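A.B. asks: The chain contents come next:
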Amino acid sequence: MQKEITIKTNKKYEIVDITNEIEDIVKDVKEGNVTIYVPHATAAIIINENYDPNVRSDILNALSKLIPEGIWEHDKIDNNGAAHIKAAILGPSETVPIKNGKLLLGTWQSIALVELDGPRSRKIIVSVR
Amino acid sequence: MQKEITIKTNKKYEIVDITNEIEDIVKDVKEGNVTIYVPHATAAIIINENYDPNVRSDILNALSKLIPEGIWEHDKIDNNGAAHIKAAILGPSETVPIKNGKLLLGTWQSIALVELDGPRSRKIIVSVR
Amino acid sequence: MQKEITIKTNKKYEIVDITNEIEDIVKDVKEGNVTIYVPHATAAIIINENYDPNVRSDILNALSKLIPEGIWEHDKIDNNGAAHIKAAILGPSETVPIKNGKLLLGTWQSIALVELDGPRSRKIIVSVR
Numbered sequence: 001m002q003k004e005i006t007i008k009t010n011k012k013y014e015i016v017d018i019t020n021e022i023e024d025i026v027k028d029v030k031e032g033n034v035t036i037y038v039p040h041a042t043a044a045i046i047i048n049e050n051y052d053p054n055v056r057s058d059i060l061n062a063l064s065k066l067i068p069e070g071i072w073e074h075d076k077i078d079n080n081g082a083a084h085i086k087a088a089i090l091g092p093s094e095t096v097p098i099k100n101g102k103l104l105l106g107t108w109q110s111i112a113l114v115e116l117d118g119p120r121s122r123k124i125i126v127s128v129r
Numbered sequence: 001m002q003k004e005i006t007i008k009t010n011k012k013y014e015i016v017d018i019t020n021e022i023e024d025i026v027k028d029v030k031e032g033n034v035t036i037y038v039p040h041a042t043a044a045i046i047i048n049e050n051y052d053p054n055v056r057s058d059i060l061n062a063l064s065k066l067i068p069e070g071i072w073e074h075d076k077i078d079n080n081g082a083a084h085i086k087a088a089i090l091g092p093s094e095t096v097p098i099k100n101g102k103l104l105l106g107t108w109q110s111i112a113l114v115e116l117d118g119p120r121s122r123k124i125i126v127s128v129r
Numbered sequence: 001m002q003k004e005i006t007i008k009t010n011k012k013y014e015i016v017d018i019t020n021e022i023e024d025i026v027k028d029v030k031e032g033n034v035t036i037y038v039p040h041a042t043a044a045i046i047i048n049e050n051y052d053p054n055v056r057s058d059i060l061n062a063l064s065k066l067i068p069e070g071i072w073e074h075d076k077i078d079n080n081g082a083a084h085i086k087a088a089i090l091g092p093s094e095t096v097p098i099k100n101g102k103l104l105l106g107t108w109q110s111i112a113l114v115e116l117d118g119p120r121s122r123k124i125i126v127s128v129r
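Chains as they are written, first to last, in the working numbering: chain A, 1 to 129; chain B, 1 to 129; chain C, 1 to 129.
Keep in mind the hints are simulated off the structure, nothing from the lab.
These figures come from a predicted structure and were not determined experimentally.
One or more hints might be untrue.
Copies of the same chain are indistinguishable here, so a pair counts whether it falls within one copy or spans any two.
Calculated cross-link-like contacts (lysine to any residue; reagent style SDA-like; alpha-carbon spacing at most 25 Å) [unchecked claim]:
#1 102 with 57
#2 76 with 53
#3 99 with 54
#4 123 with 2
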């Protein structure tokens, strides 16, 4: 099964929780894996805590300290070199096991889209096997 | 097929080789992929060398240099902000191809649980498709 | 379905686009996921832009700034500690959804082998489910 969802981001940097959207897609799956894939080179999918919103800003701040803006060769063309490097390191997908219609996430795990060059409209492909 | 294993870690930071546990689960699988997933927001799964134990300590030391402890907003609540950021970057899963009951790992590749906020008991979900 | 390809790298650090090779393998798959796995502990698979070649050199340069060479314990044995750490962070595989024989990559996404300790001959296992 393969579905597509669209997420509209609102800021340059943003971590958007998409767990509810993915749970809804897998609710009739008895057992399997779901792969959440973002087909964009300046965005990523991660899994981490969403309960304390500071975890999300800590992650974005850590990435910005490690990969500063404005010092990359690609900036001469598109001014978003840092976004490409961060996206390559985080990766465009995560895979989560499913059992009896439930994502087997831990208590403190949420699935999130990482926007690194927004605001934009981002497509996400959700594939269940 | 989906199985669950539990690993007890002994230190705050630790890389625990789980290759034997995964090999045992896939030994009757003719062909497929195994996804190893840790449902915890301060742990991760990686694949790398385990023969020289210094590779493991080098990886942990590199992560601690890149993401220092004690400077994150989340530290005010739970004092493990660095662990969350490292877990988000490494990711909670790896997927490895299987052929004739064998993991198609390279000579120097082992599958490992990365403990970033131990010691704890960590669940791992192993899913074969 | 499982196939193997071999890529000969030419430099110590190199990002080699392998999108055409993967597209060729999936061209008769109606729907599914392809996992691209490199069984080597000093190489990785990433997905990012290949149109502007500077994105590739920016990624390699960012990694070399974050993980400098020559300061790791493993260097005493094999002199490639930095390559192992980078490979562990990037990870050995990526998974991409397929529809009607096409990889569902974004416009600016290419699949690439990251060589971190070349030149070498690198095996890649391509698994479709």
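A.B. asks: Run every hint past the structure and note whether it holds.
C.D. replies: To see whether the hints hold, each was checked on the structure:
In the homo-oligomer, the alpha carbons of residue 102 and residue 57 never lie at most 25 Å apart, since the shortest distance is 28 Å inside one protomer and 36 Å across protomers. Taking the closest pair of Cα atoms, residue 76 and residue 53 come within 25 Å of each other only across two copies (12 Å); inside a single copy the shortest separation is 34 Å, beyond that limit. In this assembly of identical chains, the alpha carbons of residue 99 and residue 54 never lie at most 25 Å apart, being 30 Å within a copy and 38 Å across copies at closest. Taking the shortest Cα distances, residue 123 and residue 2 sit within 25 Å of each other inside one copy (13 Å), while across copies they are farther apart (28 Å).
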